[in-house]
Amino acid sequence: MERSETRRIKLVRIAHVYYTHRNISAARSFLADFGFEIAHQSQNETYYRGTGAEPFVYCASEGTEDSFGGAAFVVESMDDLNYAAQSLPHATEVHEMKDVPEGGFQVTFKDPIDGFPFHLVYGQTPIDGLEKDLSERDFNFAYEFYTSRFNFTASDLIYNDDGKNITTFLHLDRDKELVDHHCFFFFEGPVSHVHHSSFETHDFDTQLLGHDWLREKGYENCWGVGRHIMGSQIFDYWFDPSRFILEHYVDGDLVNEEHATNRSKASPNNLHVWGNGALRLEATSC
1 MERSETRRIK
11 LVRIAHVYYT
21 HRNISAARSF
31 LADFGFEIAH
41 QSQNETYYRG
51 TGAEPFVYCA
61 SEGTEDSFGG
71 AAFVVESMDD
81 LNYAAQSLPH
91 ATEVHEMKDV
101 PEGGFQVTFK
111 DPIDGFPFHL
121 VYGQTPIDGL
131 EKDLSERDFN
141 FAYEFYTSRF
151 NFTASDLIYN
161 DDGKNITTFL
171 HLDRDKELVD
181 HHCFFFFEGP
191 VSHVHHSSFE
201 THDFDTQLLG
211 HDWLREKGYE
221 NCWGVGRHIM
231 GSQIFDYWFD
241 PSRFILEHYV
251 DGDLVNEEHA
261 TNRSKASPNN
271 LHVWGNGALR
281 LEATSC
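Going letter by letter, the sequence shown gives residues 1 to 286 in UniProt numbering.
Note that these hints are calculated values from the structure, not bench results. Don't take every hint at face value.
Said to hold, decoys possible - Each computed EDC-like pair below joins lysine to aspartate or glutamate, with the alpha-carbon atoms no more than 16 Å apart:
1. Lys265 - Glu144
2. Lys164 - Glu144
3. Lys10 - Asp162
4. Lys176 - Asp79
5. Lys10 - Asp79
6. Lys265 - Asp162
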């Protein structure tokens, strides 16, 4: 695909995600069992942190319907944030993040295909001490937009029987710096929706302890434990009480500018190396 000459906004890493739940009590119980710790609570929002340096990685709000409120990525500079406010579709002005752990500034714009909120942040203070996945209705338009406006680069592309690209796993191009194989994944589908959000565990033992704990607590496993082929991370997907999917993962590939984009044909055989539950995956649209 041809590269636009549009200035690319430099992203550094994924920061956090936003979800709204009708049953906030059930959501809070799940998030605590999933391994998050409360960083801050306001009147309607609960901010959760992990063990890393991000002030928070998940914001849960109470609302009249279950919905995905978008993901936030850290930009490289305040200049990038100002440029985003001036150039991206339906972008807000740069505004201060108030009553939020460690503050900072934010711009929100709308995905140009399906209207998902997409947040950009700068200036949050790290503390001592994530992947967002979507279904898009127009793959080519989405691919061109995100790879020309930002420093997203394809680690893997998947094509259908007609040779058309329908799925991509994107990493952040940080030159020689090693980054996760993907922090953003989308595929072409008839209905736009968030697929899942992923959170890294400390190690494989912690992941399996978490798997057993969530099963003991009676939550519904979506798929896992298993190992993916693309990115090679060990995965474990779970439904929360609102039927959103969250993933624990560990031991994924790291890539940099020397990584060449791999292109492969869509097949059930390229989903995982090992692990049970593949039929359940198909049955539940996990």
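These are the hints, each one checked on the structure:
{"no.": "1", "hint": "Lys265 - Glu144", "in the structure": "20 Å, violated"}
{"no.": "2", "hint": "Lys164 - Glu144", "in the structure": "14 Å, holds"}
{"no.": "3", "hint": "Lys10 - Asp162", "in the structure": "33 Å, violated"}
{"no.": "4", "hint": "Lys176 - Asp79", "in the structure": "23 Å, violated"}
{"no.": "5", "hint": "Lys10 - Asp79", "in the structure": "10 Å, holds"}
{"no.": "6", "hint": "Lys265 - Asp162", "in the structure": "10 Å, holds"}
Violation of the numbered hints given earlier is confined to hints 1, 3, 4; the remaining hints are satisfied by the structure.
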